[in-house]
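Whenever a hint applies, use it, and build me the whole structure from the sequences.
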Amino acid sequence: MAASEDLLWDADDKGMQMVPRFRRIGVTAGCLGFLGLLLWTDSDATWVLYAGALYLLGEITYWAWDRRRLVEARIVPGEADGPARLRLRRVSGQTTEHAPHRVARVLLIHDNVHDLAKLRLSLHGRPLLFGRPGRPPALTTWRHTCPKAEVSDRAARWGMPGVPD
10 MAASEDLLWD ADDKGMQMVP RFRRIGVTAG CLGFLGLLLW TDSDATWVLY
60 AGALYLLGEI TYWAWDRRRL VEARIVPGEA DGPARLRLRR VSGQTTEHAP
110 HRVARVLLIH DNVHDLAKLR LSLHGRPLLF GRPGRPPALT TWRHTCPKAE
160 VSDRAARWGM PGVPD
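Numbering (our numbering), first residue to last: 10 to 174.
Think of the hints as simulated: they come from the structure by calculation, not from any bench.
Yeah, the Cβ is synthetic: ideal placement off N, Cα and C, and Gly gets one too.
Please note: incorrect hints may appear among the correct ones.
Said to hold, decoys possible - Label-pair restraints from in silico Cβ distances: (1) Glu106 <-> Asp53: 50 to 58 angstroms; (2) Val36 <-> Leu137: 31 to 39 angstroms; (3) Leu47 <-> Ala113: 50 to 58 angstroms; (4) Leu137 <-> Gly39: 32 to 40 angstroms.
This is how it looks when you write it as structure tokens:
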């Protein structure tokens, strides 16, 4: 185990991204409102309200899911010379600590377009944790930190558009 804090995962973007989200909601509301006003005179335009409500529900769902994504994973020394702990930080700022032997699976999915990777972390007794895209770390660090975990990586399953494989 590591004696000092070692960075295992670091996402490129750690912010909540609220400005682009509000901009997207505003543009969509404006377009739906304009379309609803154009069609209001000839027909029933209540579908505009339903479409807006459905879009807003989808945006809220994505926001709730995105807040739970991982932006940082570190191995930190335990208290009073105890065993090292795995510290996970989420987009929302919540930090949790877990024993490294509780990690069941670490999967890094390498993007074949950009030099980024996505993290999928599975802990025993917990739902799958998703990480925001970041620079691909060395798998040997994960293997050394979590010896009982299945550590693997793979390329993304999609190709570049317009480029034959």
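Taking the hints in turn, this is what the structure says about them:
1. At roughly 55 angstroms, the beta-carbon separation of glutamate 106 and aspartate 53 lies within the given 50 to 58 angstroms, and the hint holds.
2. For the hinted restraint 31 to 39 angstroms between valine 36 and leucine 137, the CB-CB distance of approximately 32 angstroms keeps it satisfied.
3. Distance hint check: the CB atoms of leucine 47 and alanine 113 are about 54 angstroms apart, consistent with the given range 50 to 58 angstroms.
4. One distance hint, 32 to 40 angstroms for the beta-carbon pair leucine 137 and glycine 39, holds here, with the actual separation near 37 angstroms.
Hint compliance for this structure: no hint is broken.
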